[in-house]
Amino acid sequence: MASSEQAAPGASASVPEGFVDIPFVVEPNYAGWRLEDYLGQKLRRMPRERLAGIILRGVHCDERRLKPSTPVYPGMAFRLRRPGSDEPETPTELPVVSQDDWLLVLDKPAGLPIHPTARYHKGTLVSILRERFGERFAEPAHRLDRETSGLVVCGRTTEACRVLGRLFVSRDVHKEYLAICEGHPREDSFVVDAPIAEGTELIRIAVRIDPVEGKPSRTRFEVLQRFSRDNAPFALLRCFPETGRQHQIRIHLREAGCPLVGDKMYGPDPGYFDRFSKHSLEPEAWARLRLPRHALHAARIVFPHPGTGQEVSFEAPLPADLTDFISGAPPPPN
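So for the sequence shown, the UniProt record's numbering puts the first residue at 1; every next one is plus one.
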């Protein structure tokens, strides 16, 4: 494996003052994609028009400029140069759940983005991996939202990344999440079967329930515990997504009338996310959200091992901020 002292992939000897280089290494499941489509997946909050301009001005690979239409390939390393800015602090701990020659399984803390974005470039799971283990040690095989905690599976070889990419796309991966929702669901188990489409009028990166344009989406839920705090009802749920749409559990719980605690995008007010992004979310809104992050945790994952083909299973316990909420402890500061 490469030493952690190596330069970032595609990095130049020096970065002009006031700028930062965000490194990328293309994963096997993006083979043949246009560069603009690949970066559109990685920088979801950035409008496509702005992204095309950034590619033309500031994407470098082996000291040559790339175009939005440039096809990418597995292992392709490049850097995106952008003006530096004050980056929000993110967690630095990254517990290892399991490791072998093929896999690295991590328990991602809430608040840590997986990939570099328009807002985060150093404080990401990928950046921490490269700093601690070296450039080619492992690559995440799937995504978790920044505020979602829990299991992230990484491939440690090109073949492992290729197999994992195929498994996640083909739904041969069993996932279980733990969630804290508002309200007491009437049934001990229920199903939400509602098609999901991308984009809403207020938030470009959000999703919506759309019977016409949406893709089939189904989630099963089991109530593990009903409880109350501050005279309000809540429930701990185990969630089984049977499809793999973006924000699926979050919007399906809103559709069921039991939104996630702390969800700024699909919670009590559709304007919360915009004001949060602009750092102008008022104290009353924070009090209504009850937690500084949405209460979703990737708790269990089962899939065929990419090396042996044998089924493997990994689990991550509910983190302290969510167990404290259930027990009635005061919420952490925003």
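Just so you know, the hints here were simulated from the structure itself, not pulled from any lab data.
Mixed in with the good hints there might be a few duds.
[To be verified] Computed Cβ-Cβ distance ranges for the label pairs, DEER-style: (1) Gly307 - Gly134: 18 to 26 Å; (2) Lys67 - Val169: 23 to 31 Å; (3) Phe190 - Pro211: 18 to 26 Å; (4) Gly271 - Glu311: 39 to 47 Å; (5) Glu159 - Pro211: 36 to 44 Å; (6) Gly75 - Ser189: 41 to 49 Å; (7) Val169 - Thr92: 25 to 33 Å; (8) Gly53 - Ser327: 23 to 31 Å; (9) Phe227 - Asp269: 17 to 25 Å; (10) Pro71 - Thr323: 18 to 26 Å; (11) Pro211 - Gly244: 38 to 46 Å; (12) Glu311 - Pro88: 17 to 25 Å; (13) Asp62 - Glu284: 35 to 43 Å.
Glycine residues also receive a C-beta, built at the ideal position from the N, C-alpha and C atoms.
Hints versus structure:
The hinted range of 18 to 26 Å is satisfied by Gly307 and Gly134, whose Cβ atoms lie roughly 20 Å apart. In this structure the hint that Lys67 and Val169 lie 23 to 31 Å apart at CB holds, the actual value being about 27 Å. Look at Phe190 against Pro211: about 19 Å separates their beta carbons, and that is inside 18 to 26 Å. Distance hint for Gly271 and Glu311: a CB-CB separation of about 44 Å, consistent with the stated range 39 to 47 Å.
Hint check: Glu159 to Pro211, Cβ distance near 41 Å, so the stated range 36 to 44 Å holds. Remark: the range hint 41 to 49 Å for Gly75 to Ser189 is upheld by a beta-carbon distance near 44 Å. For Val169 and Thr92, the hinted distance range of 25 to 33 Å is satisfied, since their beta carbons lie about 31 Å from each other. A C-beta distance of roughly 50 Å is found between Gly53 and Ser327, which places it outside the suggested range of 23 to 31 Å.
Look at Phe227 against Asp269: about 24 Å separates their beta carbons, and that is inside 17 to 25 Å. Under the hint 18 to 26 Å, the C-beta atoms of Pro71 and Thr323, about 47 Å apart, miss the expected range. Against the hinted window of 38 to 46 Å, the Cβ-Cβ separation of Pro211 and Gly244 comes to about 19 Å, which falls outside the hint. Remark: the range hint 17 to 25 Å for Glu311 to Pro88 is contradicted by a beta-carbon distance near 39 Å.
Take Asp62 and Glu284: their Cβ atoms lie about 52 Å apart, and the range 35 to 43 Å is violated.
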